[in-house]
Each structure stands twice: as C-alpha cells, then as structure tokens.
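Enquirer: Read top to bottom, the protein sequences are chains L and U. With this note's numbering applied, the first sequence has no gaps in its numbers, which climb one by one up to 436 at the end. With this note's numbering applied, the second sequence has no gaps in its numbers, which climb one by one up to 436 at the end.
If you're looking for bench data, these hints aren't it; they were derived computationally from the structure. You may find that some hints are simply not true.
Identical copies go unnamed one by one, so any copy, or any two together, can satisfy a pair.
[To be verified] Mimicking DSS-like on lysine-lysine, the simulated pairs with C-alpha atoms at most 30 angstroms apart in a straight line are:
#1 Lys360 with Lys61
#2 Lys360 with Lys63
#3 Lys369 with Lys302
#4 Lys73 with Lys63
#5 Lys369 with Lys61
#6 Lys277 with Lys131
#7 Lys302 with Lys334
#8 Lys398 with Lys277
#9 Lys300 with Lys398
#10 Lys334 with Lys398
#11 Lys31 with Lys87
#12 Lys369 with Lys22
#13 Lys32 with Lys360
#14 Lys126 with Lys22
#15 Lys84 with Lys369
#16 Lys398 with Lys90
Note that this is a predicted model, so its numbers are computed, not measured.
There are 2 protein chains.
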Amino acid sequence: MVNDKYDVIVIGGGPAGIISAVTARKYYPDKSILLIKSVKKGVIPCGIPYMFNSLKNPEDNALGNAPLEKNKVDIMVDEVVKVLRKVKSIKTKGGKTLKYEKLVLAMGSNPILPPIKGLDKKIVFPIYKDMDYLKDLKEKLAEAKNIVIIGGGFIGVEFADEFSNIKGKNVSLVEMFPYLLLNSFDVEFGEMVMSKLEAKGVKLLLSRKVEEVLDSGARLSDGETIPADMVILGIGASPNTKLAEKSGLDIGRGKGIWVDEYMRTADPDVFAVGDCVGKRDFFTRKNLPVMLASTATAEARVAGANLFKLKVVRENKGTIAIYSTYVDGLALGSAGLTESTAKSEGFEVEVGLAEAPDKHPAALPGTSKIKLKLIFSKQSGIILGGQVAGGISAGEIINIIGMAIQKRVSATELETLQLATHPYLTAPPTMYPLVLAAQDAVGRI
Amino acid sequence: MVNDKYDVIVIGGGPAGIISAVTARKYYPDKSILLIKSVKKGVIPCGIPYMFNSLKNPEDNALGNAPLEKNKVDIMVDEVVKVLRKVKSIKTKGGKTLKYEKLVLAMGSNPILPPIKGLDKKIVFPIYKDMDYLKDLKEKLAEAKNIVIIGGGFIGVEFADEFSNIKGKNVSLVEMFPYLLLNSFDVEFGEMVMSKLEAKGVKLLLSRKVEEVLDSGARLSDGETIPADMVILGIGASPNTKLAEKSGLDIGRGKGIWVDEYMRTADPDVFAVGDCVGKRDFFTRKNLPVMLASTATAEARVAGANLFKLKVVRENKGTIAIYSTYVDGLALGSAGLTESTAKSEGFEVEVGLAEAPDKHPAALPGTSKIKLKLIFSKQSGIILGGQVAGGISAGEIINIIGMAIQKRVSATELETLQLATHPYLTAPPTMYPLVLAAQDAVGRI
C-alpha cells in the first residue's frame, strides 16, 4: 500500500498533521501524500477530559481516518527516527526508508513530567493522546475513589469538573499558585472557576505542590499527605522537537522548531506546524507557549497551501493565546493578553468591564450573566486582549474578541460596532457587553 | 420638574433615544438633558413577540426609566409638534415651549399599513411599541382561536412561532413571496424556517396576499377566505419623519432623515438617530431600509458622544444589515449582503459553504448542526456577507461575521483565523465553519 516515494510526507497524526495533509490535497490535487502516525488510533485532543463521563463511549472521541481516506492520503503507523535532509528521505523504526519532495513535521508535544518523586508509581497517569491508553485509564478510574489532579490549568480544571460528575469520587486539585487558570485569565475569572469547582465538592489545594507520589497517596509541599488511588498529571506539554533536533533543524528562542511566516523551517523543503513549532506572540514577538488544536490547525492550513508554491499571499502574524473552557455550566474564554500579562510585558493599559444578561429581557428562561473584560493600550486605544464568562454563547463571544485583536480594532471602533441582537440569543442592544466594556474603557483613555 | 431650557433635548423614548441621552451624559457630565417620549411606558422592541407566551409577565419587557434616572436625564411624556430651529426651541402638544442647545431626533418608525381593505376592522392589530396596547392585545389573544399573521419577515415569523406555542391557536402566516425571511436570507435558510413552522402546525400561505380583512376572516388574493379572530400586521415599518419634514430638515434619497458621518442633520445643532434616519449601505452607499435597535443604538452612541464637540474621531462607515432570529430552537443570523442581493447589486461573487456540529465530538449531548454560508467578492476576496443557522451560539457567530464585514476581512484571512474552540462550546478546530466556508470559497476564487 505504501510507496517508497511521496511528493508530500506528513509526520504526525494529530489535528495539525491531518489538516496539513487535507489542505495539501485541496491545493495540490495531483500530488501523492503520506501521513505517518505513531499511535494507531488517536483522539480529539480537546475532547479527552470528556471521554470519562460526558461521552457514553470513549470511541466517540476518536480521531478517525475518514478525512484522510476521503482525500486520498496514504496512512502508515510507524515512528520516524531520522530525517536525511540532504537526500530528502526519512527512516522509520519499522525499517522503512521513504523519499519526499516536501516534508511536514507535525509531531506535537509531550506531557511535561514535573520534578516530583514517585512519578513511576502505578497510580500516576500523564495524559497521552492515545485511544487505547485512555480507555485503559477510564477502566482504572472506575475503581479509583481518591483522585488527585496536579495542575490548575485547563487540563486540570476540565478533568476535575468531569471526574467530580462521577458518583463516589473524591477529587482534589493541586495548584502551586493561589489561583486557577492563571496562565490565561486574570484572577477574578479564575475565582469564578474556583467557586464552581468547590461547590461541586472538588478540594482545591492551592499554593501547594505535590512533592512525592506514594503507593496510595501524595505528599504535599506543606507536609500533608492526602490519599490517592489515581494521580493525573495536568501540568501541560512541551514541544516534541527530538526528531527536528536530530535532523539539524533550528530550534527557536523558545523550545519549538523555528519557522518563517509560511511555516517553513530553515530547510525550504521541510515545513513544521502545531505544538512542535515555536510560537511568536502577536504583540511582543516573544516566544508564546501556546499549544492548542485551534492554533495548530490554523498553522496547518498555511503550510498545506504553501508547500510547493506560495500560491496565495498569507502570513502568520504571530500567535494570540485564544482559549475557551467550560466548568459546570460556566463557559469562559480568553484571547490575547490578560491585564496582568500586558502589564508585566510593559504595556500601559486601560481596562473596560461590563456585565449583561445573555438573553433579553433577563426574565427569559435560561438567562445567564455575561461578565466581560477588555484590555486596551491606553494611548493608542488598540485592543490587546479580552476575557469573558457566561453561558454557552460566551464560547463564540471570545471569537469576536479574537477577530478584533487580529484586526487591531480600537476601543472607539468597538464602541460603535454594528451587531445582531435577539431576545433568545444575545444581550440587549442597549447593553451588549463588548460595546459596554469598550465604552467603559474609552471614558478613561 | 421640567425646566424650560436644556442643553440637550432628545425626542423619542426608544433604545435610540435612551442611548443618545445616556451617552451624552457620559461625555458631557455637566449638561442638562431632557428626554421627551410620546408613550408613557415603552417596551424593548425585539422582545415584543415574546410578551405573549415566553415571558410570564409582559411587564418583564418594559423599557424602564432606570438608566435615564441613574444618568440624571429629565423625562417628559408629551408629543413634540414643532421644532423652531431658528430660535432653537420646540413646542409640544401639551402646550410647552422648551429651548435647546442641541436636539436629538429619535422618533423611530411607524408600522406600515399595507393597501388592504378592511384594516379598520376590530380584529386588525398593527404592532405598536406601547406596553398598554400590547397588554390589551395579549388579553384579546386569549380569546382568539384563528390568528392570521400578515408578513413573512422577522416580525411575522417570530409572532407565528410564539403564538403556535400557545395551545388551541390556529396560526396562519401569509407572505406574498414564495419564501420566508427573503429580505435578509437566501432561500435555503428561509426554507429551514418554513420547515420548522410547518412542523409546529403553522399554516404557511405563500405567494399570496391578503386582499381584504372581513369581520371574522381574511380574503386572500387566490380567492380563498380563511377564518380569522385576529389579524396581526407584521409588514415592517417606515421612518417617522413627519416632525423633521415640518421642521424643514432634509429627507435623504431614501425615506429617512439625512445625516452626516456624525449623525448631524443639515442643521449642526440637530442630530438624528435610529429608525427615523436614512441608512447608507456599507457596500453600495444606497439607501438601506434597516430598522433595528442594534443599528439605532450604534448610531445613538456616535451622536451622544459628538453633540458639542467631535471629541473622538469616529465614523459611521455605512450600515450593514445584521440580524438574528430564533424559531423553535433554530437560531439564524444574517449579516451584510445575501448572495441574491449581492448579485442583484451587480457584485461578482463566490460563495463558501460549511456544515459542522456546534459541539465536538458531535456525540456530546445537546449538539446542533451549524450551517454557514459566506459571500465574497470574487476578484478581491473581501467578505460581503454571511448567514448562519444552528444552536444558540449561532447568535454570536453572526457577530463574528459582522466584525469581519466591518473590517473588510478577506477569505484568506478567515481561512487562517485564530480561534478558541472547546468541546462543549464550539465546532472542532478541524472544521470550524467560518474557516471551512472561507476555504471552500478560496478554492474557487
């Protein structure tokens, strides 16, 4: 089935790899394309927390081969161990040597293993994007009573929310900082999540670290030992650059592979996309350690289109941190810089705040409160970031803010933005929160 | 309570008037401001259809005085019958003469009374934005069995949806064109609404007009007579420009009051905002008959800030049609030009289509399908419009599209847009519908 020569070889079976291959097919219908993945059956990364209770069947979160097959992309399960760039070929663990015209590196990231003693204990589980591994984890979860989650970022928070929905589980969340989600939200938003989780019975162990995992417990930095039948590592991930380093490709100032505006590495025939690539912040050009499927797929579309010719002039203007999450009915989103990050980067900022119902009048059944914060450059009035909490629709409100950031919209533009409003769908036109928050900031700019 | 001289007088108590007054207060804290309204208790315009069943109490949809009182805006219930611009004063029906420094006209619109015989029958009800009138209508509705709604635009569709939720009502909707919502949606979206309403038992009488209202029925243009205990006029509205015309102000090429970029009429001391003002289309500069609270409030913010000085350079770049509606669980939004309007305006267009689940994986409970259409200028690739149908989040997705239109975003920019995605909140990153639709169009541009 697999040939020994392809026009395009993509290494990596996650969203970045898949979208690179599919986009390449779209732009280059006549090229032969191969995707090599190391895991037989992958999973949709952001759906992982929901495989344990929300989804009836973990297989519902499988990352299937259908889009690849539909786009006539050959598939091989193997691990690439070497890239011989001079002769444009790769070698696999399975002993294959394949030649390429264009290579796309989409090897993703590896879970960070923090310097904690006892990580080799049987009760410790990093989160791998591997269906069989996660199914096994779900089975083990059924027998666990005391679950300790390490890390109060997105992964930790979403696992804590999901696990605490299962009857009979005691869930503890350990975070070294005094707030949750501190990487992407200002503290007032983190506090909303903390209240939600505490109300569900999740034990928040803040300003503490796990120092050692024991056979059936975890010893914290304050000396306390808590019982644990299962320890989940939700610390984050680091770019998987091993193959790129071995192949003599530049690793940027951050820890990811260096790429140009069109996702080309220093070698014009080798592209790189997704978690394994270094990101430059949209505002500062500094390294931005963002690893998200949405960022990865945006990069993959740039790479896929531009493999053989820069067919359409595009650019990667830099990466914005743009996320959303959902905790016990509360949707939260963050885009761009937080107030605290903006200040620590040296920006002079003005903040605009607003609260409004997400339906109108607020007496309509099912109305939630939207809380919104926008961060502007004080002098220039340009939007630097925003955060929102509310009902389901907050998940798309953050994408309005994301668009505003990417188009460098000013507070006065936002203040007079034309909007669609409807009783069942949005805040009232008189107090649409994006407009109110911009107006609030303009008053002080 | 009311003085005989004000720095700012606002005529009109709807959203445009209220937001003009509130914004003026924000920018000019020391000025005296009076708002004159002709109806004692107004209502939130877009909430009107939901006063009959969704809201327990019609009073929940009242447009209260609280924001005015909080902002120290005096209120007077009276009708202004004359503006004496040379001496900068107004005369009211109640016999008052008041002087102003700056005047804001926000008189709104009047329901269109179509050329139908028998509109004076007791069973005929235009929709006025008046709490007492609507409460009375609700009482009469309780006794009506056969209800005929004339007009298949937003008002008619939302009334038909709401009334058909009440047990024992036979609801018919008469529309002269063969599709519903034809002003703002292409036919494939109108068809979705038609299916929804028909499934609820609403009788759609398309490609027909009501020729005459009888004592207890309506005679249609095809000769059929249908029983009616109540006839609702949902035809639309026309700008209320009577006072402006009497005052010698320019009425533009459309039917509304002419204003400049800062909402000033030909008289620099008289501003006008909202439904009574002529709109210029964002793309063509032609008259655009859009009358929405969201447009009105955006204009009011421009006027309110710039009454005494153009304090902040702003502009009204022209109006986009941007709406949303909600029919029996299906949310729909439209922004900018539809495919058919764009073509009839002479644009060479390329269309991009996409479908995706609004959660991911789609097996998550409560997942709806999003259907999205984007319209681009074929040669320049700039977005001209978009339409979306789906779950609740479609109500904010249309505002992402609205932002893209107002910032003249191109298809290639949308294709690589950075987005927040989350299993419970959005489509998957691999098939985010805005990106997919842009990609679909780019393939043909």
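Enquirer: Now look at each hint and say whether the structure bears it out.
Expert: Structure-based check of each hint:
1. In the homo-oligomer, the alpha carbons of Lys360 and Lys61 lie at most 30 angstroms apart only across protomers (21 angstroms), although the nearest pairing inside one protomer, at 43 angstroms, exceeds that limit.
2. For the identical chains of this complex, Lys360 and Lys63 are inter-copy neighbours only, at 26 angstroms across copies versus 47 angstroms inside a copy, given an alpha-carbon limit of 30 angstroms.
3. Within a single copy, Lys369 and Lys302 get their C-alpha atoms only as close as 39 angstroms, which misses the 30 angstroms cut-off; across copies the closest is 17 angstroms, which meets it.
4. In this assembly of identical chains, Lys73 and Lys63 lie within 30 angstroms of each other by CA distance solely inside one copy; the values are 25 angstroms within and 73 angstroms between copies.
5. For the homomeric pair Lys369 and Lys61, the shortest alpha-carbon distance between copies (28 angstroms) is at most 30 angstroms, but the shortest distance inside one copy (50 angstroms) is not.
6. In this assembly of identical chains, the alpha carbons of Lys277 and Lys131 never lie at most 30 angstroms apart, being 41 angstroms within a copy and 66 angstroms across copies at closest.
7. In this homomeric assembly, Lys302 and Lys334 come within 30 angstroms of each other (Cα to Cα) only across copies, at 28 angstroms, whereas the closest approach inside a single copy is 39 angstroms.
8. When the C-alpha separation of Lys398 and Lys277 is checked against a cutoff of 30 angstroms, the pair qualifies both within a copy, at 19 angstroms, and between copies, at 27 angstroms.
9. Taking CA atoms no more than 30 angstroms apart as the test, Lys300 paired with Lys398 passes in both settings, with 26 angstroms inside one copy and 28 angstroms between copies.
10. Taking the shortest Cα distances, Lys334 and Lys398 sit within 30 angstroms of each other both inside one copy (21 angstroms) and across copies (28 angstroms).
11. For a Cα distance limit of 30 angstroms, the shortest separation of Lys31 from Lys87 inside one copy, 17 angstroms, qualifies, whereas the shortest one across copies, 82 angstroms, does not.
12. When the C-alpha separation of Lys369 and Lys22 is checked against a cutoff of 30 angstroms, the pair qualifies only between copies, where the shortest distance is 27 angstroms, while the shortest distance within a copy is 50 angstroms.
13. Proximity of Lys32 to Lys360 under the C-alpha cut-off of 30 angstroms is restricted to the inter-copy arrangement: shortest distance 26 angstroms between copies versus 40 angstroms within a copy.
14. Taking the closest pair of Cα atoms, Lys126 and Lys22 never come within 30 angstroms of each other, the shortest separation being 36 angstroms inside a single copy and 68 angstroms across copies.
15. For a Cα distance limit of 30 angstroms, the shortest separation of Lys84 from Lys369 qualifies neither inside one copy, at 55 angstroms, nor across copies, at 48 angstroms.
16. For the homomeric pair Lys398 and Lys90, neither the shortest alpha-carbon distance inside one copy (41 angstroms) nor that between copies (44 angstroms) is at most 30 angstroms.
The structure shown violates the earlier hints numbered 6, 14, 15 and 16.
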